[in-house]
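Make a model of the complete structure from these sequences and hints.
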Amino acid sequence: SYKDLLGFTALLISLTSLALFSPNLLGDPDNFTPANPLVTPPHIKPEWYFLFAYAILRSIPNKLGGVLALLSSILVLMVVPILHTSKQRSLTFRPLTQFLFWTLVADVAILTWIGGMPVEHPFIIIGQVASFLYFLLFLVLSPFAGWLENKVLEWHCTSSSVPERRSCKPDA
Numbered sequence: 001s002y003k004d005l006l007g008f009t010a011l012l013i014s015l016t017s018l019a020l021f022s023p024n025l026l027g028d029p030d031n032f033t034p035a036n037p038l039v040t041p042p043h044i045k046p047e048w049y050f051l052f053a054y055a056i057l058r059s060i061p062n063k064l065g066g067v068l069a070l071l072s073s074i075l076v077l078m079v080v081p082i083l084h085t086s087k088q089r090s091l092t093f094r095p096l097t098q099f100l101f102w103t104l105v106a107d108v109a110i111l112t113w114i115g116g117m118p119v120e121h122p123f124i125i126i127g128q129v130a131s132f133l134y135f136l137l138f139l140v141l142s143p144f145a146g147w148l149e150n151k152v153l154e155w156h157c158t159s160s161s162v163p164e165r166r167s168c169k170p171d172a
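By our numbering, the letter at position 65 of the sequence shown is numbered 65, and the numbering carries on one by one without gaps.
Worth flagging that the hints you see were computed from the coordinates, not collected in a lab.
A portion of the hints provided could be inaccurate.
[Said to hold, decoys possible] Ranges between beta-carbon positions, derived for each pair:
#, residue 1, residue 2, range
1, Thr9, Pro122, 27 to 35 Å
2, Asn62, His156, 42 to 50 Å
3, Leu153, Gly7, 38 to 46 Å
4, Leu148, Leu77, 16 to 24 Å
5, Pro61, Pro29, 23 to 31 Å
6, Ala10, Pro122, 38 to 46 Å
[To be verified] Under the rule of at most 20 Å between Cα atoms (straight-line distance), these lysine to any residue pairs were calculated in the SDA-like manner:
#, residue 1, residue 2
7, Lys63, Ile125
8, Lys87, Leu139
9, Lys3, Leu15
10, Lys45, Met117
11, Lys45, Gly66
12, Lys151, Gln88
13, Lys45, Leu71
14, Lys45, Asp28
15, Lys87, Leu100
16, Lys63, Pro46
17, Lys45, Leu141
18, Lys63, Gly116
19, Lys63, Ile74
20, Lys45, Val108
21, Lys151, Leu141
22, Lys63, Lys3
23, Lys63, Val129
24, Lys45, Ile74
25, Lys3, Ile13
26, Lys45, Ile124
27, Lys45, Phe32
None of these values were measured; they are calculated from a predicted model.
Where is the CB? At the ideal position from N, CA and C, for every residue including glycine.
In structure tokens:
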């Protein structure tokens with residue numbers, strides 16, 4: 001529709017303006033120090049939008065395992081439509097899924113924060129727990145919440161405690 005086209009155009013213009021007129025606005029000041037090829041920097045930090053995946057990479061001590069977890073953190077987003085088990089689309093009447101959504105938002109925020117921190121004791125443990133929760137939310141808790149909400153909806157629609165037995169299916 002025209003509203004979508006207008007919103008897309010406004011977003012495209014604002015992002016293009018940001019990239020063309022002030023490309024260093026969101027950059028890290030450490031990127032502007034001259035490089036010394038003889039010394040490894042004490043703290044390597046990617047751009048802010050990769051920090052959550054970088055935290056997942058660092059949460060596994062094995063290098064190959066960390067790379068596989070990094071790839072899995074992105075590829076798990078492709079599995080979400082397959083694991084969608086709820087009969088409802090909207091989150092409006094699904095409080096359990098709303099809670100899981102906001103837990104995911106908080107978890108990604110924690111992973112982003114941990115990705116910018118140095119590799120030290122408390123940050124390593126927090127990153128491992130947050131990485132585990134990230135995959136648990138996508139692969140286990142979200143499908144289970146949809147299944148549980150379907151069962152509650154089924155139970156409510158066919159409940160015998162209601163005087164007349166009702167069906168929640170729409171009339172044809």
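Cross-check of the supplied hints:
1. Range check, Thr9 to Pro122: Cβ separation about 45 Å, and the 27 to 35 Å hint is violated.
2. Between Asn62 and His156 the beta carbons are some 47 Å apart, a value that agrees with the proposed interval 42 to 50 Å.
3. For the pair Leu153 and Gly7, the supplied restraint of 38 to 46 Å is violated, since their beta-carbon distance comes to about 33 Å.
4. Distance hint check for Leu148 and Leu77: the Cβ-Cβ separation is about 23 Å, which falls inside the suggested range of 16 to 24 Å.
5. Between Pro61 and Pro29 the C-beta distance comes to about 30 Å, which sits within the given range of 23 to 31 Å.
6. Distance hint check for Ala10 and Pro122: the Cβ-Cβ separation is about 42 Å, which falls inside the suggested range of 38 to 46 Å.
7. With a CA separation close to 17 Å, the supplied pair Lys63 and Ile125 stays within the 20 Å bound.
8. A hinted pair counts as satisfied when its Cα atoms are at most 20 Å apart, and Lys87 with Leu139 qualifies at roughly 18 Å.
9. Restraint check for Lys3 and Leu15: the C-alpha separation of about 18 Å stays at or below 20 Å, so the hint holds.
10. Taken as a hint, the Lys45 and Met117 pair is honoured in the structure, with Cα atoms around 8 Å apart against an allowance of 20 Å.
11. A hinted pair counts as satisfied when its Cα atoms are at most 20 Å apart, and Lys45 with Gly66 qualifies at roughly 16 Å.
12. Among the hinted pairs, Lys151 with Gln88 is consistent with the structure: their alpha-carbon atoms are about 12 Å apart, no more than 20 Å.
13. Distance check on the hinted pair: Lys45 and Leu71 sit about 18 Å apart at the alpha-carbon level, within 20 Å; holds.
14. As the CA atoms of Lys45 and Asp28 are separated by approximately 9 Å, the hinted pair is consistent with the 20 Å bound.
15. For the hint linking Lys87 to Leu100, the alpha-carbon distance of about 17 Å falls within 20 Å, and the restraint holds.
16. About 17 Å separates the Cα atoms of Lys63 and Pro46, which keeps this hinted pair within 20 Å; it holds.
17. Proximity of Lys45 to Leu141 is assessed by CA-CA distance (about 31 Å); at most 20 Å being required, the pair is judged violated.
18. A hinted pair counts as satisfied when its Cα atoms are at most 20 Å apart, and Lys63 with Gly116 qualifies at roughly 19 Å.
19. Of the pairs offered as hints, the one joining Lys63 and Ile74 holds, with about 17 Å between alpha carbons and a cut-off of 20 Å not exceeded.
20. Only pairs whose Cα atoms come within 20 Å are accepted, and Lys45 paired with Val108 is accepted, the gap being roughly 17 Å.
21. For the suggested pair Lys151 and Leu141, the alpha carbons sit about 15 Å apart, so the restraint of at most 20 Å is met.
22. With a CA separation close to 47 Å, the supplied pair Lys63 and Lys3 exceeds the 20 Å bound.
23. The suggested pairing of Lys63 with Val129 holds, with an alpha-carbon distance near 18 Å, which does not exceed 20 Å.
24. Restraint check for Lys45 and Ile74: the C-alpha separation of about 19 Å stays at or below 20 Å, so the hint holds.
25. Our distance criterion of 20 Å between C-alpha atoms is met by Lys3 and Ile13, whose separation comes to about 15 Å.
26. For a cut-off of 20 Å, the pair hint linking Lys45 to Ile124 stands: about 15 Å separates their Cα positions.
27. With a C-alpha separation of about 13 Å, the suggested pairing of Lys45 with Phe32 holds against the 20 Å cut-off.
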